[in-house]
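Asker: For this one, chain A is given, so just place chain B on it according to the hints.
Chains A and B are the protein sequences, given in the same order.
Residues 1 to 115 (our numbering) are what the first sequence spells out, left to right.
Residues 1 to 145 (our numbering) are what the second sequence spells out, left to right.
In case anyone wonders, no lab produced these hints; they're calculated from the structure.
Where is the CB? At the ideal position from N, CA and C, for every residue including glycine.
Be aware that one or more of the hints could be misleading.
[What the hints assert, rightly or not] Okay, the calculated beta carbon distance ranges per label pair:
no., chain 1, residue 1, chain 2, residue 2, range
1, A, Phe72, B, Leu30, 41 to 49 Å
2, B, Pro80, A, Gly71, 18 to 26 Å
3, B, Asn23, A, Gly35, 45 to 53 Å
[Claimed, not checked] Computed footprint of chain A on chain B, listed as stretches where at least three residues anywhere in the stretch have a Cβ under 8 Å from a Cβ of chain A:
no., segment
4, 47–61
5, 67–74
6, 116–122
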Amino acid sequence: MNLDFLTPYGFWNPILWLLVIFVTLLIAYLLWLRGNPKYKKGTDQTQPFLSGYAPESKEAMMVSASNIYWGFTSSLKGYYDFLRKMHTGDVRDYLGWYVGIMAIMLLAYILWGGA
Amino acid sequence: MPVPTKSFDRSLWVFHVNTGSCNGCDIEILAALTPRYDVERFGIKLVGSPRHADALLVTGPVTRDMVDKVKRIYNQVPDPKVVIVIGSCGISGGVFHESYNLAGPVDKVIPVDVYVPGCPPRPEAIIDGVVKAWMKLEKLRGEKK
Chain A
1 MNLDFLTPYG FWNPILWLLV IFVTLLIAYL LWLRGNPKYK KGTDQTQPFL
51 SGYAPESKEA MMVSASNIYW GFTSSLKGYY DFLRKMHTGD VRDYLGWYVG
101 IMAIMLLAYI LWGGA
Chain B
1 MPVPTKSFDR SLWVFHVNTG SCNGCDIEIL AALTPRYDVE RFGIKLVGSP
51 RHADALLVTG PVTRDMVDKV KRIYNQVPDP KVVIVIGSCG ISGGVFHESY
101 NLAGPVDKVI PVDVYVPGCP PRPEAIIDGV VKAWMKLEKL RGEKK
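Here chain A stands alone, though its shape is the one from the complex (with noise of 0.2 Å):
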């Protein structure tokens, strides 16, 4: 079976993508060997260390996704506020909301469209 393909952008073999992956995994496997071994287990050497304090929880210390567009949607709390409103949960309001748009579509197409 030939796994050669000449795309516009160049060569691709997928054997040869499994093979990188494999070569890097065991560059990485080589390289952790080489750590110090001696850490005990289930102690704080084990534990990341935060200047001596206790460290916390991992979702009390992890910077979730939100965090990084905080400003974006602080700046933007006007109209994050509305559109959560909008987002009730609740299948009946999103029909209406679909039905409402279709109507005026159709509408704008009976008025103005078609011609």
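Answerer: The following block gives chain B in isolation, referenced to the frame of chain A:
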């Protein structure tokens, strides 16, 4: 003092922790790293995490607020490890020995291997203390093998 191995196994990485020092000893530790003394040429290097360190360099008496932190930092250093106390305050409390907010000298909180007295000790004395701790570490490593 005989060196346990013909050549030192590897460089000595040191983590420095201030448990309530006036910064006098800390300045002398930094002086030991300046070009005049340049301990890095011997492989003695300050590191940013106790998890990377072989030795703990402690300055100052231990304030009540630092007790749990210094214990945790000590526990985070991988074994075998050595602790060096720099300065009179860490050894005895020094001028702060009667202070209401001290838990005591360093050896009341964590085990100590080498004491370097002085207020503050000169960089030569600090280097001498670190070398003594290094030799003890080499012995501990030899025992573990």
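Asker: Can you give the numbers of the hints that this structure goes against, from lowest to highest?
Answerer: When the structure is compared with the hints, numbers 2, 3, 6 turn out to be violated.
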